[in-house]
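Chains A and B, in that order, are what the protein sequence lines are.
Residue 460 in this note's numbering sits at position 460 of the first sequence, and the numbers go up by one each step.
Residue 25 in this note's numbering sits at position 25 of the second sequence, and the numbers go up by one each step.
Incorrect hints may have been included.
[What the hints assert, rightly or not] Mimicking BS3-like on lysine-lysine, the simulated pairs with C-alpha atoms at most 30 Å apart in a straight line are: (1) K23/B <-> K493/A; (2) K84/B <-> K53/B; (3) K84/B <-> K493/A; (4) K23/B <-> K71/B; (5) K53/B <-> K493/A; (6) K493/A <-> K132/B.
[What the hints assert, rightly or not] Pulled a few chain B residues facing chain A out of the computed Cβ check, cut under 10 Å: (7) R51; (8) D88; (9) S147.
Derived by calculation from the structure, the hints in this document are not laboratory data.
Built from N, CA and C at the ideal position, the CB exists for glycine as well.
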Amino acid sequence: MELINQFVLAGAALLLLAILASALSYRIGMPLLLVFLAVGMLAGEDGPGGIVFNDYGVAYTVGSVALAVILLDGGLNTRADTFRAGLRPAFVLATAGVLITCVITGLIAAWMLDIEPLIGLLIGAVVGSTDAAAVFALLHAKGLALKQRVSATLEIESGSNDPMAVFLTIALLELLRSGASLPGWETLGLFGMQMGLGLAAGIGGGHLLVWLTNHLPLERGMYPMLVLAGGLALYGLTTVLGGSGFLAIYLAGVVFGNRKARDAANILQVHNGLAWLAQIGMFLMLGLLATPSHLLEHAPAALAIALALIFVARPVAVWLCLLPFRFPWREQAFIAWVGLRGAVPIILALFPLLAGVPDAGLVLEVAFFVVLISLTVQGWTIPPLARLLRLEVPPPPAADERLDLAARMGSDHVILGYRLGPGAAAVGRAAGELRLPEEARPVTVIRQGAALSPEAAGHLAADDWLYLLARESDSAALGDLLAAAPAPAYLEKRQFYGDFVVRGEARMGDLAAQYGLPLPAGLEEQSLESFLRARLPRLPVAGDRHRLGNMEFVVREVEAGRITRVGLRIPTHLR
Amino acid sequence: MNLISPLIRPDDVTIDLDAASKKRLFELAGQRFQASYGISASEVFDSLFSREKLGSTALGYGIAIPHGRIKGLKETACAFFRLKEPIDFDAPDNLPVDLVFILLAPAAATDLHLQILGELAQMLSDQAFREKLRQTREAAELHALISAWVP
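If we strip away everything but chain B, and leave its shape as in the complex, we get (with noise of 0.2 Å):
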């Protein structure tokens, strides 16, 4: 059990998404949650910019897990997305991106935030499990595999 097993749904996870770059994923973002959560694209978007403005969110080993608040979201939304073509996400490492976590939350800080935040760095920088996620073909395993990680 995990903290973020509670909110990741089967419909959360993405491959093989085709996104030229992170204005592009971030757009392509914006209308799954608009889809899947009512959330405005544009919010959405603009939302994960403005914290990009901040530094990067990519960790490095292609890993990025973008996030930002939307006021007026009563729970903690994500969505997972494995590119088909890694991207440049001006990482530390300087190597491009293919597998992105994107968490938003509710305007209203609270510290879970940050401890999930924190759990999802962690679950991503373990090699072992990113190979796994690079490697499985199905949606749904990929969705089962987060579900099931332990710290």
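Chain A extracted, bound-state conformation (with noise of 0.2 Å):
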């Protein structure tokens, strides 16, 4: 009984250390994947905290399902809409990228560690993928909005890459195990298995969880749970059958999160909170794992795999893989860089141990490295390259409070509040007077604690929190009128976009004459969408820009694959 007291207290503790440190995470930047790890490794045997863990079996468990829970919640985080501009490169990246970085990092790291050229492509192989949990946790940071186009590739990618992976580990131990030394149809047949059967049970176990949701009267706690059990089921059940669990959970919660569910607000803000706990867990866990005096032996050959991969085998592989889809090189430098490993490797590492094959040791001690360099070297350094590759967009300016309506099912009315900062577009006027979307229309102005209509509140001022019902599809026009830009100087849409918005049927001739544009001749006839897209990578995104003469175009807004909205921005003028 006491023994079990200090367990919960020291688990606890951990737990309340690492969530404190993570505020030390957004004062200098670390990332936070990496202090979670760390916090582990310190509380570990090499560590003050002395703690031994060297129980494979419940690592593998427990890293599995807290894998699961990210992946759903991350799922639940896509939207549809990204998936215009990101599936396709994702998917290619997802197969045929992983096999090409398994490929490439497996023979450095048998040549390297001077071991069978199967060991070292099952080293490839576990570190083959990019995590999930890493790769949402910084694409969904605060304050970094990147283009569309690079952060639904990375999402999607990081997302469906995992079952890659683990067939590429399965198939390889097999291999070692029959002693064969080349993959035979029933591989291929493993590999449709795993795809087909986790593509099936996401696709259809996301809507039936849909319609349970809807059609079960359930006490409101009880949704974001019923959400939880069934995607963990859907994950058991297809792992039993063969399918690879991991797509699927994530698919279902794609399908989830895009369609309209009861209480989808209340049921994402439990799931993120979900996810958050099993980050931390996992990754303390996977720090406890770790006895950092064993990695130091084969550092130097470890850390050459590490930098081989960061720096040849993912970029080889996102080049090649992207080539059809013609990304700018800023772009393509951006995601060979977002190649984070994180908890996969180290969990599929333990495969190789549990089948208890030669050099089994060797493997986890190789993924361990690799990740640690991956994600101090690059979790380190993506805010900072965004910027430098200018791949961020101006943040969408989001409401500050949202409130679902319980009659959401069937319409997408919301109440979103604002706090309206000294430089909004609303201060200093009525509420009545603001040329709100359509339907959108002030319900209440709360200025000092006290809740006010609008018509008496009179003319807004700053501090004063606008709550408006309006419709879900209109917030991001409220939000350009009420929400104070957050973003930093050169971000500012009007510096980002330019001064001028033009149409994308603007007529080319049209344009050029007004500006004295050098344009070439025979294309005066053209739209400015269609001068654009000959010009820009196969699915245009905002922020894509491209120079004519003295002007830059900036694709400004996108709507169903069309270009809608340019901004004209002269370079020579704004800084």
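Since each chain sits alone in its own frame, please combine them into the complex, following the hints.
So this is what it looks like as structure tokens:
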């Protein structure tokens, strides 16, 4: 009894420490996951904590469940409209990309460590996939908004490339066990089974979960739990049947997150919390599992492998996979750099250990090393790199508070609350005077703790809270009007998109004559949209730019795949 | 010193203009340009209107900078209007517009036109400056404000 209580105390203390340490990470920009891993390692056998933990079975179970929870949350947060820009490139990266990374890293590892090529490839497979937890944490970090093509590709890739790494690892273990040296037809069948079952179970299960949520009368707090239990059941069932459970639960999350489900905002909030808990738990545990003193033995070789992965294998794989998609070099460079490795390599490295393969300890050590280097070197430098490569876009001005109406199924009405900053365009005007999108209307103004009717409030002042009833689809327009721009100067909309806005259907000849642009002959009759389409990556996104003479065209709005509004920027003028 | 001050004459500034719509504003502006620069009013109207068809020249925050090119014009001509009542201008932030700076350039293209446009936009996107423009009582003071502005 006493022992159990001490165990709970130690666990809670570690959790608390990790959460408190995360506050530090905002201050010094240290990647959060690295913080958790470090806390775990400090508490572990080589650190002051001295906790000895090396139960690989428990680590594998906890790690898998935690990863499943993180993927579910990632899926819930993935908006379907991002699929347009990212699905195909992400799919190629998640399949061929993992294979290429695995082969290059594997061969280098075999050569560096002077081991059998198959064991080398096993190392390559284990570290082959990017980490969903790390990438989601990065992409959803406050204040970092990236061009949609880049964020969508990275997000979908990281959510869907674990099955490929799992498959490669299992296939290589099979080969090692059977003593064969070349993969046969069964291997291909195994791959089809993993992907096919994962896909079917994920999409089917997601729809089933939406249906259940909307039709079962439950206690309000139960709905998030229903989604959690349903998702984990899907994960377990798919895995038992021989499919990819990770793919299934991610897709179930995507389906659920994009259908109108009852109480969606609450479900999402609970799952965001659960995902944090899973990340903390998983990385703490992996930190405990690591034995830093053992890592030193193969440190030089492992370091070389990590660097080869970061600087050779991943960039080559990204370049090859993105060839058909005409990504600009800046975006390719960034995607190559966000090859973050996280928990998956460590969990996959437990496979060979549990299967009793020779050299399995070595695989785990190298995997640990690669993850540490990747999180440190890449995780730390990603936000500055995004800035350097000019891939940030002005963050969408979001409401400070939102409340989904319970009658939301069938309508998309929400109540949005905005705290008016001193720079907001609405300050100094009466609420009734604002030109709001069609159905939006002010409900109340809260000023110094008193709730006033919009009419009684008179002129709006800074620090007022303005609440509106509006359609969800109008929230972007409302944000522009009401939210103060929190962005740094270089991301201020005027600086970013330029002063004037023109329509996508504007005639090039008119624009060229108006602004004296050197338009190549024969293009006068083209619309601005088709002119830009021919010069931008295949699927244009907001923030794409093209310069003609002294004018820069910046795509400002893309609706259903069409460029609808374009900013005109005069680069010689704006800083 | 800015690029605009050599262009704008005290007569080019009008306050409390009564225009109920964008169309009416462009008509009034045409008459004004005809009187002061001898450009045909209908030509001004057509030029400004065809530019609006490409996309609104409103910048947001109640500001618009309609502009166009006029055949036969020798030098850039401009006019500043402060409206009595803000009018709908299809602005990116949906706010009605009450400060309008109209710029007409010769048909032959020069980079200077772009520069002037950029500088105008920069001047009018300064919030404190906008407030001064709105609070000033006299057209002459407004003219002085614009002439004295430094980027």
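Cross-check of the supplied hints:
no. : hint              : verdict
1   : K23/B <-> K493/A  : holds, 28 Å
2   : K84/B <-> K53/B   : holds, 25 Å
3   : K84/B <-> K493/A  : holds, 29 Å
4   : K23/B <-> K71/B   : holds, 21 Å
5   : K53/B <-> K493/A  : holds, 22 Å
6   : K493/A <-> K132/B : holds, 23 Å
7   : R51               : holds, 6 Å
8   : D88               : holds, 8 Å
9   : S147              : violated, 19 Å
Hint 9 alone, counting from the list given before, is not met by this structure.
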